[in-house]
Amino acid sequence: MLRKALALVLSLFLAIPAFAGARRFTYVYEVTTSPPGDVEIENWVTWKTRRPNDHGFNQVEFRHELEFGITEKFQAAVYLVDWNYHRGVSAGERGFTLSGSALELIYNFTNPVDDPIGFSVYQEFQGGYRRFESESKLLAQKNFGKFVTAYNATLEAEWEGEGLSERQGEFQQSLGLSYEISPHLLLGAEFVHEIAFPDWAEAEPGKFFAGPNFSIRHRESWVTLTALAQITRAGDEPDFQLRSVFGFSF
Amino acid sequence: MKLPAIVLILSGFVVVGCQSTPPSAPPVTQSLIRAGVREKADGPTLAEGRKVFVSRCIVCHALPDIGLYNAARLPGIVGWMSGRAHLNPEQKEALTKYLLTVRSQ
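Residue numbers (my numbering), protein chains in the order written: chain F, 1 to 250; chain S, 1001 to 1105.
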């Protein structure tokens, strides 16, 4: 039954014409929005492995996103469900966890080709069992011919637990560089810097990740993949993570 | 530590962002409008075509050097990609006319 359902979903995806809104990065958002009328499915898979204090740690995260182009400058997306499979001492019992669903809104202000800098704002609200999260981003991007550079500044607030009494904040910066070798192949790199504020009090030491990425677009489909290594030695963060995003529009 | 890093990165964007208009998407000048007469394109049509070029096409790929393309093939290429970019017939026509006008320069 499960195999039949999987085959049905895969055949559906393969049959759908795709390409609009192909992503150059997986951790960094670009300022461009989907064209009005575009509906796109994006599937994210992130594998995180080996923490400095737990070498047996493994976690695979899944996100299924439905994205809509509303106007020339505004898009909305729904994360139907975020879930993960985890294993390792620091992850508690091995098993599946459902994180919740989310609403994402992006509004574009300036164009990355025509204006000195392309700017957009991003807002996401995520809710789950005893969990609520708000994520605000300022997106910046500049295109120089085949070279694209994008920067995100993110402020994240999270409440969880009984009565949502536990709270935490995080400031994140990410930078992406990408070069279009051909319309079918793009190579680049991504950098992520995170600072957590447990209970919105004193900041934890910053965590820094960096690694290469590539994006392949062939006929009606695209996939973008980034491998990040932890440059710092934060014990609760993975030493290595791999994220792929593949999308289909119709 | 955080603020200087952000300021540094954004300053970098400003400095490198102060380049002139991209050569692959020349602005709609009087000279381009005169050239557009051959393609039966007026100023507003060329402006709309350029707007579509620099906003819709970059969602999937870098802006190409139109001079490298055969003019006879451009309408077909635009037609092929217009579905992906969700262009309406007016946008498709304006984009084609803009590209053909730029190509003729």
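Among the clues, some could well be false.
No farther apart than 30 Å at their CA atoms in a straight line, the calculated lysine-lysine pairs in the BS3-like style are these [what the hints assert, rightly or not]:
no.	chain 1	residue 1	chain 2	residue 2
1	S	K1051	S	K1040
2	S	K1092	F	K146
3	S	K1092	F	K73
4	S	K1051	S	K1092
5	S	K1092	S	K1040
6	S	K1051	F	K73
7	F	K146	F	K73
8	S	K1051	F	K146
Derived by calculation from the structure, the hints in this document are not laboratory data.
The hints, checked one at a time:
At roughly 18 Å between alpha-carbon atoms, S:K1051 and S:K1040 fall within 30 Å of each other, so this suggested pair holds. Note on S:K1092 and F:K146: the hinted pairing holds, with a Cα-Cα distance of about 23 Å set against a maximum of 30 Å. Taking the CA atoms of S:K1092 and F:K73, the gap is about 19 Å. The hint holds against a cut of 30 Å. At roughly 11 Å between alpha-carbon atoms, S:K1051 and S:K1092 fall within 30 Å of each other, so this suggested pair holds.
Among the hinted pairs, S:K1092 with S:K1040 is consistent with the structure: their alpha-carbon atoms are about 14 Å apart, no more than 30 Å. With a C-alpha separation of about 13 Å, the suggested pairing of S:K1051 with F:K73 holds against the 30 Å cut-off. For the given pair, F:K146 sits about 22 Å from F:K73 by alpha-carbon distance, which is consistent with the 30 Å threshold. Between S:K1051 and F:K146, the direct Cα distance comes to roughly 19 Å. Compliance with the 30 Å bound is thereby established for this hinted pair.
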